Amino acid sequence: MKNIVILGAGTAGTMVANHLRGKLPTGWTLKIVDPDPLHLYQPGLLFLPFGTERQERLVRPRGNTLKRGIEWIQQGVEKVDADARQVVLEDGERLSYDILVLASGSQIRPEETEGLLGDHWHQTAHDFYTLDGATALRRALAGFDGGRLVVNVVEMPIKCPVAPLEFLFLADDYFTHRGIRDRVELVYATPLDGAFTKPVASATLGYLLEQKGIKVESEFNTGEVDGEARLLRSWDERELAYDLLVSIPTHGGAPFVAASGLGNELDFVPTEHRSLLAKNHDRIFVLGDATDLPSSKAGSVAHFQSGVVADNVLRTIAGKSLVEGFDGHSNCFIESGGGKALLIDFNYDVEPLPGHYPVPGLGPFDLLAESRRNHWGKLAFRWIYWNALLPALPLPLPSRMSMIGKRRPPDKVAA
Amino acid sequence: MTTLEAVGKTIELNNEGFLLDADQWTPELAETLAETVGLGPLSDKHWQVITFCREDAAREGQSPGLRRISKLSGVSMKELYQLFPKGPGKLAAKVAGLPKPQACI
Ligand SMILES: Cc1cc2nc3c(=O)[nH]c(=O)nc-3n(C[C@H](O)[C@H](O)[C@H](O)COP(=O)(O)OP(=O)(O)OC[C@H]3O[C@@H](n4cnc5c(N)ncnc54)[C@H](O)[C@@H]3O)c2cc1C
Numbered sequence: 002m003k004n005i006v007i008l009g010a011g012t013a014g015t016m017v018a019n020h021l022r023g024k025l026p027t028g029w030t031l032k033i034v035d036p037d038p039l040h041l042y043q044p045g046l047l048f049l050p051f052g053t054e055r056q057e058r059l060v061r062p063r064g065n066t067l068k069r070g071i072e073w074i075q076q077g078v079e080k081v082d083a084d085a086r087q088v089v090l091e092d093g094e095r096l097s098y099d100i101l102v103l104a105s106g107s108q109i110r111p112e113e114t115e116g117l118l119g120d121h122w123h124q125t126a127h128d129f130y131t132l133d134g135a136t137a138l139r140r141a142l143a144g145f146d147g148g149r150l151v152v153n154v155v156e157m158p159i160k161c162p163v164a165p166l167e168f169l170f171l172a173d174d175y176f177t178h179r180g181i182r183d184r185v186e187l188v189y190a191t192p193l194d195g196a197f198t199k200p201v202a203s204a205t206l207g208y209l210l211e212q213k214g215i216k217v218e219s220e221f222n223t224g225e226v227d228g229e230a231r232l233l234r235s236w237d238e239r240e241l242a243y244d245l246l247v248s249i250p251t252h253g254g255a256p257f258v259a260a261s262g263l264g265n266e267l268d269f270v271p272t273e274h275r276s277l278l279a280k281n282h283d284r285i286f287v288l289g290d291a292t293d294l295p296s297s298k299a300g301s302v303a304h305f306q307s308g309v310v311a312d313n314v315l316r317t318i319a320g321k322s323l324v325e326g327f328d329g330h331s332n333c334f335i336e337s338g339g340g341k342a343l344l345i346d347f348n349y350d351v352e353p354l355p356g357h358y359p360v361p362g363l364g365p366f367d368l369l370a371e372s373r374r375n376h377w378g379k380l381a382f383r384w385i386y387w388n389a390l391l392p393a394l395p396l397p398l399p400s401r402m403s404m405i406g407k408r409r410p411p412d413k414v415a416a
Numbered sequence: 612m613t614t615l616e617a618v619g620k621t622i623e624l625n626n627e628g629f630l631l632d633a634d635q636w637t638p639e640l641a642e643t644l645a646e647t648v649g650l651g652p653l654s655d656k657h658w659q660v661i662t663f664c665r666e667d668a669a670r671e672g673q674s675p676g677l678r679r680i681s682k683l684s685g686v687s688m689k690e691l692y693q694l695f696p697k698g699p700g701k702l703a704a705k706v707a708g709l710p711k712p713q714a715c716i
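Listed in order, the protein sequences are those of chains A and B. Heads up: the first sequence begins at 2 in my numbering, then just goes up one per residue. Heads up: the second sequence begins at 612 in my numbering, then just goes up one per residue.
Be aware that one or more of the hints could be misleading.
[Unchecked claim] The list that follows gives simulated cross-link-like pairs (lysine to any residue, SDA-like), each with its CA atoms no further than 25 Å apart:
(1) Lys711(B) with Glu273(A)
(2) Lys160(A) with Gly119(A)
(3) Lys697(B) with Lys341(A)
(4) Lys697(B) with Glu240(A)
(5) Lys689(B) with Lys80(A)
(6) Lys160(A) with Leu683(B)
(7) Lys689(B) with Ser235(A)
(8) Lys407(A) with Gly356(A)
(9) Lys689(B) with Ala242(A)
(10) Lys697(B) with Ser203(A)
(11) Lys407(A) with Lys216(A)
(12) Lys80(A) with Leu683(B)
(13) Lys711(B) with Phe51(A)
(14) Lys711(B) with Asp655(B)
(15) Lys213(A) with Thr53(A)
(16) Lys711(B) with Met612(B)
(17) Lys341(A) with Val188(A)
(18) Lys407(A) with Asp655(B)
(19) Lys656(B) with Thr621(B)
(20) Lys711(B) with Asp174(A)
(21) Lys689(B) with Glu113(A)
(22) Lys341(A) with Leu315(A)
(23) Lys160(A) with Asp667(B)
(24) Lys711(B) with Ser219(A)
(25) Lys689(B) with Gly228(A)
(26) Lys216(A) with Phe51(A)
(27) Lys697(B) with Gly224(A)
(28) Lys711(B) with Gln693(B)
(29) Lys280(A) with Phe663(B)
(30) Lys620(B) with Gly651(B)
Calculated from the structure, these hints are not laboratory results. Quick caveat: nothing in here was measured; it's all calculated off a predicted structure.
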């Protein structure tokens, strides 16, 4: 028997497993390892703090998301021994593999920032990237009657890089509905040099922040948090006071990546940009948030990558050369408040551009512009996620980015 | 695009002042680029960072982020902020003739 072992049954691992199921030649087995009994639909975490989404709609028993015939091992991974082609599980058992797919995602690491954890954590300093965090934040927002709310991205890369901005847009809406918007100051503190940094996006979307009265503190690299005084201090010694902090902490890969010597400084796995093979390892593929790729850490990216990885696993089995199939393609809906959303679509080489995005039956969606249809698209996405993306059904969404429908503003041709 | 007359050549920069053609970079040009962003003459410590960034980018195919620089170059985060005030990641990349570190939107 030969074995394919997938580490992590989140968005990416589940899609690869479901793609491969039924396509493997006889003599090959498919195993997937994940300790967590529940699959979490993470994009829904954005809505949880505002009470517009419910926890029960965001989680499903993991067993229900995996096709029959896929063996799920409900344990954590301790280590990969790449030389021996074995995975060491938390109970000490060793699983041998012929091909390994690494899809263990990324996690927040609030402990990396001095002072961020402490008595104030989930009291006056929050996150919304975890179920616990988003739930605690919901209580804190409900009890917030005014003052300065700071959304702080500690360090890049983070997953879903637009989620912090969406959070601010929705917060603007939320406080407006509660009739206290004039008593709330919204501040976005980012290590980047602006809320939007790509030329066309920043020219097209800059108005949103102004319109919604959101202040931007740019190039703010958080060095420490003083939870008692409610202060953020940057490395260049700027101070930013808050009444309520919504932190997007440093992200890192799963701890076993470091123990296996497979990761970079944040335990993300160095990965070939187009074939998705781990650098220097010919039997390990990597996808989703676990990679060190410059593409976004997003579910859509995991979707586009999953087809390429499934294909390359089958090619490896057949002894064929790998496809250089991934072009960095990413698209995502951005909630902009007021029942509207934006859609962006881009890849390694092409920045987000305006125009239309065709999706048969649902679209066309408006690119880089607000519309109600986009908002419905974002909400429809939860259904599509559970019912089409995770089961890896064929979808009219080609993995390579297309220029169809896109417009490049004439003065932005050569940036 | 903007241009800069330096080291006897016309150097092309993008709108944000990053070098367009990586092959035009020389250590001498680094001194000029440093001046354009308000850094004084480059010290050995500056060069330790710049050299690290260039070698790392050649290996990895992308400009290193701030954490990577502080962890692997041997220069601490505090020092990086003293050497390249405000945005060490961005400034070091600029002087080293590398593209701006990535962000999606
Ligand atoms: C607030 C928020 C909003 C978002 N919004 C969007 C959006 O609108 N659009 C979009 O496209 N994306 C969005 N995302 C991002 C998206 O959810 C992720 O990019 C996607 O889930 C990545 O898939 P993954 O499989 O790589 O990681 P995950 O789905 O996180 O899965 C990783 C899996 O690995 C498992 N694992 C971890 N450690 C171990 C171990 N030691 N052993 C075994 N298994 C392990 C975990 O249990 C988990 O199941 C959002 C994310 C957040 C947090």
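Verification of the hints:
1. About 21 Å separates the Cα atoms of Lys711(B) and Glu273(A), which keeps this hinted pair within 25 Å; it holds.
2. Our distance criterion of 25 Å between C-alpha atoms is met by Lys160(A) and Gly119(A), whose separation comes to about 24 Å.
3. Distance hint between Lys697(B) and Lys341(A) is unfulfilled; the C-alpha atoms sit about 35 Å from each other, more than 25 Å.
4. Restraint check: the Cα-Cα separation between Lys697(B) and Glu240(A) comes to about 13 Å, which is no more than 25 Å; the hinted pair holds.
5. For the hint linking Lys689(B) to Lys80(A), the alpha-carbon distance of about 33 Å lies beyond 25 Å, and the restraint is violated.
6. For the proposed pair Lys160(A) and Leu683(B), the alpha carbon gap of about 23 Å is at most 25 Å, so the pair holds.
7. Proposed proximity of Lys689(B) and Ser235(A) is supported: the alpha carbons are some 10 Å apart, at most 25 Å.
8. Between Lys407(A) and Gly356(A) the CA atoms are separated by roughly 4 Å; this keeps the pair inside 25 Å, and the hint holds.
9. Between Lys689(B) and Ala242(A) the CA atoms are separated by roughly 21 Å; this keeps the pair inside 25 Å, and the hint holds.
10. With a C-alpha separation of about 21 Å, the suggested pairing of Lys697(B) with Ser203(A) holds against the 25 Å cut-off.
11. Of the supplied pair hints, the one linking Lys407(A) and Lys216(A) is violated, its CA atoms being roughly 30 Å apart against a limit of 25 Å.
12. Restraint check for Lys80(A) and Leu683(B): the C-alpha separation of about 24 Å stays at or below 25 Å, so the hint holds.
13. With a C-alpha separation of about 35 Å, the suggested pairing of Lys711(B) with Phe51(A) is violated against the 25 Å cut-off.
14. Using a Cα cut-off of 25 Å, the hinted pair Lys711(B) and Asp655(B) holds, with the two alpha carbons roughly 23 Å apart.
15. Under the criterion of a C-alpha separation no larger than 25 Å, the hint pairing Lys213(A) with Thr53(A) is consistent with the structure, at around 20 Å.
16. Between the alpha carbons of Lys711(B) and Met612(B) the distance comes to roughly 15 Å, so the proposed pair stays at or under 25 Å and holds.
17. Note on Lys341(A) and Val188(A): the hinted pairing holds, with a Cα-Cα distance of about 21 Å set against a maximum of 25 Å.
18. This hinted pair does not check out: Lys407(A) and Asp655(B) have alpha carbons roughly 47 Å apart, beyond 25 Å.
19. Our distance criterion of 25 Å between C-alpha atoms is broken by Lys656(B) and Thr621(B), whose separation comes to about 28 Å.
20. Restraint check: the Cα-Cα separation between Lys711(B) and Asp174(A) comes to about 34 Å, which exceeds 25 Å; the hinted pair is violated.
21. Straight-line distance between C-alpha atoms of Lys689(B) and Glu113(A) comes to about 15 Å, which keeps the hinted pair within the 25 Å bound.
22. As the CA atoms of Lys341(A) and Leu315(A) are separated by approximately 41 Å, the hinted pair breaks the 25 Å bound.
23. A hinted pair counts as satisfied when its Cα atoms are at most 25 Å apart, and Lys160(A) with Asp667(B) qualifies at roughly 24 Å.
24. The hinted pair formed by Lys711(B) and Ser219(A) meets the criterion: a straight-line CA distance of about 16 Å does not exceed 25 Å.
25. Of the supplied pair hints, the one linking Lys689(B) and Gly228(A) holds, its CA atoms being roughly 21 Å apart against a limit of 25 Å.
26. Using a Cα cut-off of 25 Å, the hinted pair Lys216(A) and Phe51(A) holds, with the two alpha carbons roughly 21 Å apart.
27. Between Lys697(B) and Gly224(A) the CA atoms are separated by roughly 13 Å; this keeps the pair inside 25 Å, and the hint holds.
28. Between Lys711(B) and Gln693(B) the CA atoms are separated by roughly 20 Å; this keeps the pair inside 25 Å, and the hint holds.
29. Annotation: proposed proximity of Lys280(A) to Phe663(B) holds, straight-line Cα distance about 20 Å (limit 25 Å).
30. For the given pair, Lys620(B) sits about 22 Å from Gly651(B) by alpha-carbon distance, which is consistent with the 25 Å threshold.
Checked against the numbered hints given earlier, this structure breaks hints 3, 5, 11, 13, 18, 19, 20 and 22; the rest are met.
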